[in-house]
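Peer 1: Using the supplied hints, reconstruct the complex from the two chains, each of which is provided in its own coordinate frame.
Take a look at the letters that make up each chain.
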Amino acid sequence: MFSSKEKKINELIETTDENVIKIGSQTASSIGKKLMIFALGITFVIVLWFLVALWYNTYMAVSIDFPDPVSSFQRLYEFFTTNYTILGQSIEKHTEASLIRWVKGFVIAFIIGMTLGLVLGSNPKLYDFGIVPVNILQLIPGLAWLPVTILLFGFGEKSAVFIIAITVISPIAISVANGLRRVPVVNMRVAAMSGRSRFETFTEVLIPFAALDILSGLRIGMANGWRMLIAAEMVVGVAVGLGYAIQITTGYLDYVSAFACIILICIIGLVIDNLILANLERYARRKLGTEDA
Amino acid sequence: MNIIDISNVFMTYLNRKGDEARIVLRDVSLSVEENEFVCIIGPSGCGKTTLLNLIAGFEFPLRGEIRYRNEKITGPSSNRAVVFQEYSLLPWINVQKNVEFSLDRKRFSQKEREQIAKKYIDMVGLSEFADHRPNLLSGGMKQRVAIARTLAMQPDMLLMDEPFSSLDEQTKKHLDQELLNIWHKERKTVVFITHSIDEALLLGTRIVLMTASPGQIAKEWHIDSENRDITSEAMIKLKKEILGELQTCSCAARSGPVLIQIEEEGNGK
Chain U
192 MFSSKEKKIN
202 ELIETTDENV
212 IKIGSQTASS
222 IGKKLMIFAL
232 GITFVIVLWF
242 LVALWYNTYM
252 AVSIDFPDPV
262 SSFQRLYEFF
272 TTNYTILGQS
282 IEKHTEASLI
292 RWVKGFVIAF
302 IIGMTLGLVL
312 GSNPKLYDFG
322 IVPVNILQLI
332 PGLAWLPVTI
342 LLFGFGEKSA
352 VFIIAITVIS
362 PIAISVANGL
372 RRVPVVNMRV
382 AAMSGRSRFE
392 TFTEVLIPFA
402 ALDILSGLRI
412 GMANGWRMLI
422 AAEMVVGVAV
432 GLGYAIQITT
442 GYLDYVSAFA
452 CIILICIIGL
462 VIDNLILANL
472 ERYARRKLGT
482 EDA
Chain V
816 MNIIDISNVF
826 MTYLNRKGDE
836 ARIVLRDVSL
846 SVEENEFVCI
856 IGPSGCGKTT
866 LLNLIAGFEF
876 PLRGEIRYRN
886 EKITGPSSNR
896 AVVFQEYSLL
906 PWINVQKNVE
916 FSLDRKRFSQ
926 KEREQIAKKY
936 IDMVGLSEFA
946 DHRPNLLSGG
956 MKQRVAIART
966 LAMQPDMLLM
976 DEPFSSLDEQ
986 TKKHLDQELL
996 NIWHKERKTV
1006 VFITHSIDEA
1016 LLLGTRIVLM
1026 TASPGQIAKE
1036 WHIDSENRDI
1046 TSEAMIKLKK
1056 EILGELQTCS
1066 CAARSGPVLI
1076 QIEEEGNGK
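Order-wise, the sequence lines are chains U and V.
With my numbering as the guide, the letters of the first sequence map in order to residues 192 to 484.
With my numbering as the guide, the letters of the second sequence map in order to residues 816 to 1084.
This is chain V alone, in the form it adopts within the complex (with noise of 0.2 Å):
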């Protein structure tokens, strides 16, 4: 069954005059099937977050429609959880607070509250660290954090926009490892939005790659996940591919006209 259907999404923003409207996603359609781990990639201004802030119900489209287990998105919704780019925690209560935060508290007492926040802030690695602000955690364990609080929610899926990319290489690996370990055992829905194809192929279960802007799909893979090996010769074989599709969908945006001007001034030396 389909958690996600995206049909002819359109999608623009006005610059900052007023006067002119750049049109951000051009009649995308996607769906996005129960258990599936989808990795959204492509050249960046592609539109991606726009999509991932469509489907968590920050924006609304211009034209088309926006299904949740076939029910109009109108807003936002602890159902589908939203782990930021950027860190969103609350600089002022302590980590354990910060968790607790997002848990409704009509449908749970403190003492509820307490103990759900403590068994996530575990799973992330970070019990010793419940009682620190944020302003004492590293970047990557703010992250963990907001993976934790996102968890939490209990949200029937997980929507991640670049979570780790202001991280360093070896935090990343390791969260993209600790994520993975997460989703095979909780087995929720994810929508991963990165630019980096080697952790598209580490993660997900389907690579959509996104055209750059105006945004639209141009091509799916599949990935059996379930024995899924980075270094063999067909994963390798995949990203020469996508590597290639990602480079002609990249050259024909709208980025043209800046590369001819760097070559002329290349010229004119």
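Extracted from the complex, chain U is given alone in its bound form (with noise of 0.2 Å):
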């Protein structure tokens, strides 16, 4: 079966005499495809989650009923049309804290985790010592530093921000060091022997062949750092955010809006992931030539 762009090549090959053939960038009708397997995916989810709310309430439900994807995703649009509230606070208030939460355990993850991956990778010798406290962070799981964030920030936001960070930082660290410890000998070597300062080499060799690496590890660290942040916010007493609201709700027995509450988790993670990491890797991959552009 050939795929749009090929049939279009196959058209335009008996008309052309010129040895290349300009097809233009991508077809609508491709695109269109694209979004629909994401949607059919999506569908196949809901209709799954609606089997089993069918199921459990059919055969199991004693006194509450297993929320199902229509009332579910009729409370999130309640969150939002109406002034509806999770003990005092908007939907908004709750998703806004949760983001920031997020973004600054992220911004502090990606310095920190940035700076050890760039000097462990380019340091052989410091990177047999260095990898070993990274690598014990990794086992370590983000809520299992719930006493340690105690001690050191008491319950609340900064205890949320450091359980999001601490989990944060290694996948960043090993990432980094291991693509730049990845690039080839011949390519410094050229650079070597060309008389490419350090800098140069680290910019211009470097950091190109280690971006998709670096760009896989941000990528794993913010999903990450994003199922943290929820865990994080029904542990350590934070009085707003959507891990919170879940918490609360489920204790109030209100299983429909904790389940929209879910709903919005992945909405955004979605988002974030679909459409603004997986384009962004797309493009590295593209810029760097591990793709036919």
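Worth flagging that the hints you see were computed from the coordinates, not collected in a lab.
Ideal Cβ positions, reconstructed from N, Cα and C, are used throughout, including at glycine.
Heads up, some of the hints might be wrong.
[Stated by the list, open to error] Anything over 10 Å on all C-beta distances counts as not near chain V; from chain U, calculated: (1) LYS198; (2) SER221; (3) THR234; (4) ASN248; (5) THR249; (6) SER254; (7) ASP259; (8) PHE271; (9) ASP445; (10) LEU471.
[What the hints assert, rightly or not] As a list, the in silico DSSO-like pairs of lysine-lysine whose alpha-carbon atoms are at most 27 Å apart: (11) U:LYS478 with V:LYS933; (12) U:LYS316 with V:LYS832; (13) U:LYS478 with V:LYS912; (14) V:LYS933 with U:LYS213; (15) U:LYS478 with V:LYS926.
[As the list claims (entries may be wrong)] Here are some chain V residues pointing at chain U (derived, C-beta under 10 Å): (16) ALA871; (17) ALA896; (18) LEU904; (19) SER917.
Peer 2: So, in structure tokens, the structure goes:
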């Protein structure tokens, strides 16, 4: 089977005498196709959810129904259109608080993780020693930092940020360091013999070669951080945030609202990962020539 | 005048565990004169690449000394430019930019760099592909870009480490011929590593044979490059001679036990 692009080339090949066929940029139909496949995947998840809810409510339910997609999405809609509040805070406030916390934690982790990764990746002798604490850091699950963070920062905002930062540092540091270490020796030698300075070699050879690893580290870090944030909000005693909202609504047996919050978390995650990070990575891949442009 | 003087060089590599040091070069001495085209041949693993890396300044000898124009080599320099065996282009920039990459930004303006790069891309016959990225080029084209990049540096000498060994026979012959033309035009000193005797006979003004590990220089031949005819009787005779020498020095190597093992397997059946 031919793609739409191949079909077009096949048509044009008959009429052209040139060696290069101009086909223009990606056609609208192929973007539409990708979107449709994406929508199909989402529909699958929702149908599955619907069936589970149906099964539970028919055979298992005692007093409280398992929220189905319809009521959950309806509640989500109410969150934004009416002045529905969860413990006195609107959903916008909860979302905003979570996002700000996440960005704070991520920025701190980005600075520390990047620095660590760059230092360890460009210094083989230091790497063997320095990667040990980074690996240990990675082995400790985020919520296991609870005693540490409570001791250091007490309950509240700072502790949530700390837990996010500490879980995001290691994936960033590890992928940056590994990316730098994978740069082929031969390209470093070319730079050395053509008299490129250390700085030029760093910016023009090392960083581009490591860019994809760095980006995937950031992507993993962001996703980890987002997941960690929701969990952290449930335990470190913040008074606002999506994780907190889920915990509170569950406590009040308002499962529909809890489910609506979960949907919102998914949507935010999907938007950030699929729309922003995946495209950034695709752009980098194209730019770096690892994919035919 | 000698451009390179290698005197009594020893070189070893540690194995993975770090408990054994394999001698790769044992007491190697070699001088390269200006405008020579020296082809170094020898069985694989005999230290040819190591020798080239030492001349380039990527590695340093354990013992002995290497001098470039009577000065001790302390690191890589644009005077001794290398064309590597493996592909060495930067994948994210096009051919033009790859060639420009090797040019000193303090010495040349952006415009000059563009012009120099163009000239050498033209010389290797790739003008049409100047704005292509390396991933769209064939292996032979990539190596031609690498040669253009190296020539653009205007090096004093060219060090080539089996630059065409990964290419098919036809492309290889074509590029050998191109290299020869460029050498006639630019008259650079070249040290060329190959495992192909034919290639050495076609290109070199001198052929140096190294023994299998630990590498030592076994024999040298001078070739009259001006009236070279590789199909002439004298050349075929020379080829036979080199082939014979290559066989004797390969068998004397440490690969001996491996050969015996193969024989035993054969007898067992």
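Peer 1: Look at each hint and say if it fits the structure.
Peer 2: The hints, checked one at a time:
1. LYS198: holds (22 Å)
2. SER221: Label holds. Min Cβ-Cβ 22 Å, cutoff 10 Å.
3. THR234: Nearest chain V Cβ is 37 Å from THR234 (chain U), so the label holds.
4. ASN248: holds (55 Å)
5. THR249: holds (57 Å)
6. SER254: Since the minimum Cβ distance to chain V is about 61 Å, SER254 (chain U) lies beyond 10 Å and the statement holds.
7. ASP259: holds (49 Å)
8. PHE271: holds (43 Å)
9. ASP445: holds (52 Å)
10. LEU471: holds (15 Å)
11. U:LYS478 with V:LYS933: Answer holds: LYS478 (chain U) to LYS933 (chain V) is near 23 Å, not above 27 Å.
12. U:LYS316 with V:LYS832: holds (17 Å)
13. U:LYS478 with V:LYS912: Given pair LYS478 (chain U), LYS912 (chain V) holds - Cα atoms ~14 Å apart, limit 27 Å.
14. V:LYS933 with U:LYS213: Roughly 25 Å between the alpha carbons, so the hint for LYS933 (chain V) and LYS213 (chain U) holds.
15. U:LYS478 with V:LYS926: At roughly 24 Å apart (the allowed maximum being 27 Å), LYS926 (chain V) and LYS478 (chain U) satisfy the hint.
16. ALA871: holds (7 Å)
17. ALA896: At about 6 Å, which falls below the 10 Å cut-off, the nearest Cβ of chain U leaves the hint on ALA896 (chain V) intact, so it holds.
18. LEU904: Since chain U brings a Cβ to about 8 Å from LEU904 (chain V), closer than 10 Å, the hint holds.
19. SER917: SER917 (chain V) check passes; min Cβ-Cβ to chain U is 4 Å, inside 10 Å.
Comparing the model with each earlier hint shows no violations; every hint is respected.
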